[in-house]
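One letter stands for each residue in the lines below.
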Amino acid sequence: MATTTIIKKHEPSIGKRLRRKEDPRLITGTATYVEDLQMPGMHYAMVVRSPHGAANIKSIDTSAAAAMPGVAAIFTGKDILHIAGVPCGASLPGLRVPDHKILAQDRVYFVGHPVAVVVATDKYVARDAADAIEVDYDVLQAVADPEKALAPGAPAVHPQWPDNTAFTFHQEGGDIEKAFKEADVIVKERIVSQRLIPSAMEPRGVVASWHAAEKSLTLYTSTQVPHLVRTLIAQMLGIDENRVRVVAPEVGGGFGSKLNVYAEEALMSFVSMKIGKPVKWIESRRENFLTTIHGRGHVDYYEVAAKKDGTILGIKVKLIQDLGSYHQLLTPAIPTLSVLMLPGLYRSKNMSADIIGVFTNCVPTDAYRGAGRPEATHGIERMVDILAAELKMDPAEIRLKNFIRNEEFPFPTATGLIYDTGDYAAPLRKALETVNYTELRKEQAEARKQGRLMGIGICTYGEICAMGPSPATPAGGWESATVKIEPSGKVTVMTGVSPHGQGEETTFSQIAADALGIDVEDILVQHGDTAIVQYGIGTFGSRATAVGGAALHFALQEIITKIKKFGAMLLETEDITYSDGQCTCNKTGKSISIKEIAGAAYRAMKLPANTEPGLVATYFWEPPNFTFPFGAHIMVSEVEKETGNISIKRYVAIDDCGNVLNPLIVDGQVHGGVAQGLGQALWEQAVYDDNGQLVTGEFTDYTMPRAHMMPWIESGHTVTPTPVNPLGVKGVGEAGTIGASPAAVNSVVDALSPLGVRHIDMPMTPEKIWKLVNGRNA
Amino acid sequence: MIPHQFDYAAPKSLDEALKAIADGAKPLSGGMSLVPMMKLRLAAPDRVVDLARLKELSYVREEGSALHVGATTIHYDVESSAAVKSKCPLLAETAGFIGDVQIRNMGTMGGSVAHNDPSADYPAALQALEAKIVLKGANGERTVSAADFFVDTFTTSLEEGEIVREVVVPVEAAGTGTSYAKVLQPASGFAIVGIAVRVRKSGGKISMARIGVTGLANCSYRATAAEKALEGTAGSDADIQAAAALVAQGADANSDLHASAEYRTHLAKVHAGRAIKAALGKTA
Numbered sequence: 000m001a002t003t004t005i006i007k008k009h010e011p012s013i014g015k016r017l018r019r020k021e022d023p024r025l026i027t028g029t030a031t032y033v034e035d036l037q038m039p040g041m042h043y044a045m046v047v048r049s050p051h052g053a054a055n056i057k058s059i060d061t062s063a064a065a066a067m068p069g070v071a072a073i074f075t076g077k078d079i080l081h082i083a084g085v086p087c088g089a090s091l092p093g094l095r096v097p098d099h100k101i102l103a104q105d106r107v108y109f110v111g112h113p114v115a116v117v118v119a120t121d122k123y124v125a126r127d128a129a130d131a132i133e134v135d136y137d138v139l140q141a142v143a144d145p146e147k148a149l150a151p152g153a154p155a156v157h158p159q160w161p162d163n164t165a166f167t168f169h170q171e172g173g174d175i176e177k178a179f180k181e182a183d184v185i186v187k188e189r190i191v192s193q194r195l196i197p198s199a200m201e202p203r204g205v206v207a208s209w210h211a212a213e214k215s216l217t218l219y220t221s222t223q224v225p226h227l228v229r230t231l232i233a234q235m236l237g238i239d240e241n242r243v244r245v246v247a248p249e250v251g252g253g254f255g256s257k258l259n260v261y262a263e264e265a266l267m268s269f270v271s272m273k274i275g276k277p278v279k280w281i282e283s284r285r286e287n288f289l290t291t292i293h294g295r296g297h298v299d300y301y302e303v304a305a306k307k308d309g310t311i312l313g314i315k316v317k318l319i320q321d322l323g324s325y326h327q328l329l330t331p332a333i334p335t336l337s338v339l340m341l342p343g344l345y346r347s348k349n350m351s352a353d354i355i356g357v358f359t360n361c362v363p364t365d366a367y368r369g370a371g372r373p374e375a376t377h378g379i380e381r382m383v384d385i386l387a388a389e390l391k392m393d394p395a396e397i398r399l400k401n402f403i404r405n406e407e408f409p410f411p412t413a414t415g416l417i418y419d420t421g422d423y424a425a426p427l428r429k430a431l432e433t434v435n436y437t438e439l440r441k442e443q444a445e446a447r448k449q450g451r452l453m454g455i456g457i458c459t460y461g462e463i464c465a466m467g468p469s470p471a472t473p474a475g476g477w478e479s480a481t482v483k484i485e486p487s488g489k490v491t492v493m494t495g496v497s498p499h500g501q502g503e504e505t506t507f508s509q510i511a512a513d514a515l516g517i518d519v520e521d522i523l524v525q526h527g528d529t530a531i532v533q534y535g536i537g538t539f540g541s542r543a544t545a546v547g548g549a550a551l552h553f554a555l556q557e558i559i560t561k562i563k564k565f566g567a568m569l570l571e572t573e574d575i576t577y578s579d580g581q582c583t584c585n586k587t588g589k590s591i592s593i594k595e596i597a598g599a600a601y602r603a604m605k606l607p608a609n610t611e612p613g614l615v616a617t618y619f620w621e622p623p624n625f626t627f628p629f630g631a632h633i634m635v636s637e638v639e640k641e642t643g644n645i646s647i648k649r650y651v652a653i654d655d656c657g658n659v660l661n662p663l664i665v666d667g668q669v670h671g672g673v674a675q676g677l678g679q680a681l682w683e684q685a686v687y688d689d690n691g692q693l694v695t696g697e698f699t700d701y702t703m704p705r706a707h708m709m710p711w712i713e714s715g716h717t718v719t720p721t722p723v724n725p726l727g728v729k730g731v732g733e734a735g736t737i738g739a740s741p742a743a744v745n746s747v748v749d750a751l752s753p754l755g756v757r758h759i760d761m762p763m764t765p766e767k768i769w770k771l772v773n774g775r776n777a
Numbered sequence: 000m001i002p003h004q005f006d007y008a009a010p011k012s013l014d015e016a017l018k019a020i021a022d023g024a025k026p027l028s029g030g031m032s033l034v035p036m037m038k039l040r041l042a043a044p045d046r047v048v049d050l051a052r053l054k055e056l057s058y059v060r061e062e063g064s065a066l067h068v069g070a071t072t073i074h075y076d077v078e079s080s081a082a083v084k085s086k087c088p089l090l091a092e093t094a095g096f097i098g099d100v101q102i103r104n105m106g107t108m109g110g111s112v113a114h115n116d117p118s119a120d121y122p123a124a125l126q127a128l129e130a131k132i133v134l135k136g137a138n139g140e141r142t143v144s145a146a147d148f149f150v151d152t153f154t155t156s157l158e159e160g161e162i163v164r165e166v167v168v169p170v171e172a173a174g175t176g177t178s179y180a181k182v183l184q185p186a187s188g189f190a191i192v193g194i195a196v197r198v199r200k201s202g203g204k205i206s207m208a209r210i211g212v213t214g215l216a217n218c219s220y221r222a223t224a225a226e227k228a229l230e231g232t233a234g235s236d237a238d239i240q241a242a243a244a245l246v247a248q249g250a251d252a253n254s255d256l257h258a259s260a261e262y263r264t265h266l267a268k269v270h271a272g273r274a275i276k277a278a279l280g281k282t283a
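Residue numbers (numbering that gives the first Met the number 0), protein chains in the order written: chain A, 0 to 777; chain B, 0 to 283.
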C-alpha cells in the first residue's frame, strides 16, 4: 500500500490573492437566496404595518380581506399572545424591557410596526388582501428625536415610562476629577453620529415550513446567526430546539442588520404551524427601511482634558443613544461598546462615560458595521483634532505623542480591556509617507494663499474585534469547526460562523489546505444549516476568521494527529512526518497519501491502538481575549467655495489586522468599509420627522454611496500579528468603516479651519458646507 | 412593492393604442416613473397600454430645419444619435444626464415629457430649444410649444385621450453654442437644478440667448430675464454673472431635504453662469 511516489509539493495558499470560491455562483446568478426557494403548497404572507409613529389601535376589520379568494388566514395581535416577545439578549442593571410582541397589541410604537399578517395562495392576492384590512387608529403624538424625548413634557413612547429612559449606565476608570483639575486646557464638543440604514443588498426574507407529524420546523431565513435564531425561535414558540432546523441559505449581506431575531421569523413559523403549509415572506425594500434595525443614532457630549504640550489627561462623555421603540437582540449593548472603545489608541487612563438609552417612536437601532466603535472613534478622533487645533499642534504630532508605546503591551485600558499588541505609530507613519505629508502641508499653505480650501484629515483608530471571550458576550463568544476527511480523501469543513459575503469559503479552504498540504479545490466549506453544522455563534464583530478560523486551526491539528496515527500504522513506523498531503517515514522515505490513509481509516481493516475508525474532528475554541486591530486613514479634500461641494483628492487607508490570509479579500473589506464610512460622513442619514415618519424612506432620498462617488482607495498594511489566536489574525470587517468617517470630517474641518470652523456634523452635505463657507451655522 | 392587479396591452399600431387610451387605459412608455408609482400603490390604473413597443414612434428624422424625435425613442438613442449630436447637441447632451445607463435604455422621450416631473432633465432643454410637442388623440393631431405644454408639477396640456407623438426641435444654425449644467440630487439622480443654455453670437455680440431651467420650481421654465440681460452683450464674465443672477427671477423655488429654496436658487445662478460660459465657448 505504501508508495514512494512523490506527491506534488504543496504550495502555501495563505497570503495569496486567491479569487473567491463563492463568486462564480454569485456572478452567474445561480446562488439560492430565500426568495429563490419554492415548495409544494407554498403560501405567501404580507404584513400589515402601522402608518403612524404612535397610535392606539381602536379596531381591526379583517372581514373584507378574509372573504377574498385565495386568502388562507389572517392573524392579529390577539392570536399570538402565547408566543414570547422578540428577545433582547443584552442585560444592563435596571434595563427597562418593553414586551415586544410579534404583532402589535393595543398600541403601535413606530411606523412599520407589524399589526396583522395575511397569508394567501399567491403574493399578489396577499398584497391586495393586506390593503383590504382596515385598522382604525387613534393617532397619538410621537417623538422621534432622542434629545426631544428626554425633554420634560415629551410624549411618552411607552406610557409606563414617561421619562423615555430605558437605562442609564456609568463607567469610569482612573481619576477623572484629578485629570480635569490638572488640565491646562479642556475642549468640549457635541458630536452626532446620525442614524443610518444598513441597506444589505438582499432584504430580509423567511420561509417557514412546519411538519406536523414530526412536530418539527424548518426555517429558512436571511441571517448572520442561524444557531442563535434556532435557539431563540424554539424558545419563543415553545418548540423543542432539536426539532427546529434553521438554514441561512445564500445571504446577501447583513452589516449587522441580520445579527438579530426578528418578529417575522417567529410570525411566519407560527403561521406555518397554523395553516400546515410552507409560508414565504420577503421583505420589500420599503419594509427594510422601516422595520429592519438602523445603526448609530448617537448624540455625544465630549470633554477632553489635556496638558498644553498635548498630553491627554482624561476623557469624559455623555452619550445619548437613540434606541428606537423596542430592544432588538443587542440594542442596549451597542453604546456600551462605544464606552469600551473610548480610550482609542491613547495612553490616558482617566475616563468617565454616562450613557442614557432613550426610547423614541422609531425602528430600533442595533449593530451596524462597527456597532458602537465607529461612533466612539468618530468622537475621540474629532476631539483629538479639536484639541490639536486649540493647542495649534499638528494633528499627526499630537497623536504620536499620546499613543500607547510598543513596550506597554499588553496594555490595560481605563475601560477594563487588555490591548493585546500594537505598534500604533507604524500605520500612521506609513500613511504620512504615502501622502508625503510634509510636502502636502506646504501645498495646503500654498492653496490657502490662493484662497482655496484644501484639507488634510487624519484618523488613527483602534478596534475591539474577534468577539469575543464568552464572559464578555451575551450569547457565548467561542466558535466551532469540524473537519471531515471523507473516505476519498476530499475534505469537508463545517464552520459555526455563517458567512454572508465575507469569503470564508475561500479563506477557510486556505487554512485547511495549508494545514493538510492539499489543494484548496479539494476542500468544501459548509455553513449556515443547523442540521449539517455543529452549533456555532455566527459572523459579526470581525470574528469569523479570528475566532472561527482559529477553531478550524485546532480541529485541523486534531485531525492531523489522527492522520499520523493511521500513517504510522500503515508505514509500520513511529518515525513519520506529515506534510504535502502525505505521511512519510523519516528513515526510508516511504510515504502514504492522505487519500490512502482516509480509505484505510474508513475501511478499518486494522486500527491504531486506542483509535476510532473515521477521520472527523470537531473543535470548540474559546478565545482568551478580543483582538485589537488598529490603523490610520488620511483623506485629502478640497471644498469648492461657490457650491460647498467636497471633492476627495486622495484617500489612504493603512490597516493593521495582523496576518493577512487573502489580501484580495482584505482589500475588499477595506474598500467596502471605507465606502460605508464615507457614506456616513458625506451622504447617508435616516431622517424621521416629528410625527415619526421616515422622510428618507426610499433609495430616492436616502443617499447610498455609489461607485462613481468613491475615491481611489490607496490601501496598505502594517503587520503586527496578535498572540490571541494561532493564526495571528485580528479581523478586518469593520476597520474601513471605523477609520473613514473621522478622516473625512477631520479633512473637511481642516479645509474650513481658516474660516474658524471647528466641527461639522455628518452628513457633510454641500448645502451645510456652503453655509459654513458663508459664515453661517449649518 | 407589488402593484394592484392591472391589465396590460401592447398594441401593434398607434391607432389601436389611441383607441385603448380613449377607452381609459393608462399609457406606459418606458415605465421609469409610472411603474415605481404603481409598485408603491401611488398609482393604480386598471389597464395599461404599452406605447414603448410601438416601433413606428421610435425615430429621429431630419426634416428641413427641424429634427423630429418620435415619442418612444429611448434616451440612449437620443444621446447617441449622430443626427442629434451634430444638429441639436443640447438635446443629446441633456439625454446623457438622465438617470443611469439602465434608465436611458428604458425611458423614452414621450414618457418623460408627458410625465413632466419638475426635476426631469428634458424639459430644460426643450424650453431652451423652443421645441414643439406634437400631440395625438383619437380626434387628430395638434402642436403645442414647450412653453405652453409644461403647465405645472406632473401637469401638461395633454387632453384626456391624447398622447405625445413626437417632439420637434430646431437644427441649430452655425455659430450656436449650447450647454446643459446639472446638479444631481445625490440619491435619485434627478436635477436639483438643471440649466440648458443656447447662445449665438454675431458681430462680437450675443444675438440670441435661450435658457431653460428645471428642478428649481414646480415646473420648468424659460429664464427670459436672464436671456434679455445676455442678448446684446459681448458675453464677458461680468455679462454672464449679471445674466445668471436673473435666472431664478420670478421662480418660487422648491425646498427639500437635499436643497433648501435658498441653496437651490444659489445653485441655479452658479450653474447658469457655468452653462452660459460653456455654451459661449462653443459658439466659435
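No lab work stands behind these hints, which were simulated from the structure alone.
Just so you know, these numbers come straight off a predicted model, no measurement behind them.
Mixed in with the good hints there might be a few duds.
[As the list claims (entries may be wrong)] Here are some chain B residues pointing at chain A (derived, C-beta under 8 Å): (1) S259; (2) Y262; (3) L266.
[To be verified] What the simulated footprint calls covered on chain A by chain B, stretch by stretch (three residues with Cβ under 8 Å from a Cβ of chain B suffice, anywhere in the stretch; the number is not a length): (4) 423-432; (5) 692-699.
Here a beta-carbon is modelled for each residue, glycine too, at the ideal position from N, C-alpha and C.
So, going through the hints one by one against the coordinates:
no.	hint	result
1	S259	holds, 6 Å
2	Y262	holds, 4 Å
3	L266	holds, 7 Å
4	423-432	violated (count 0)
5	692-699	holds (count 4)
Figure legend: structure checked against the earlier numbered hints; the only hint not met is number 4.
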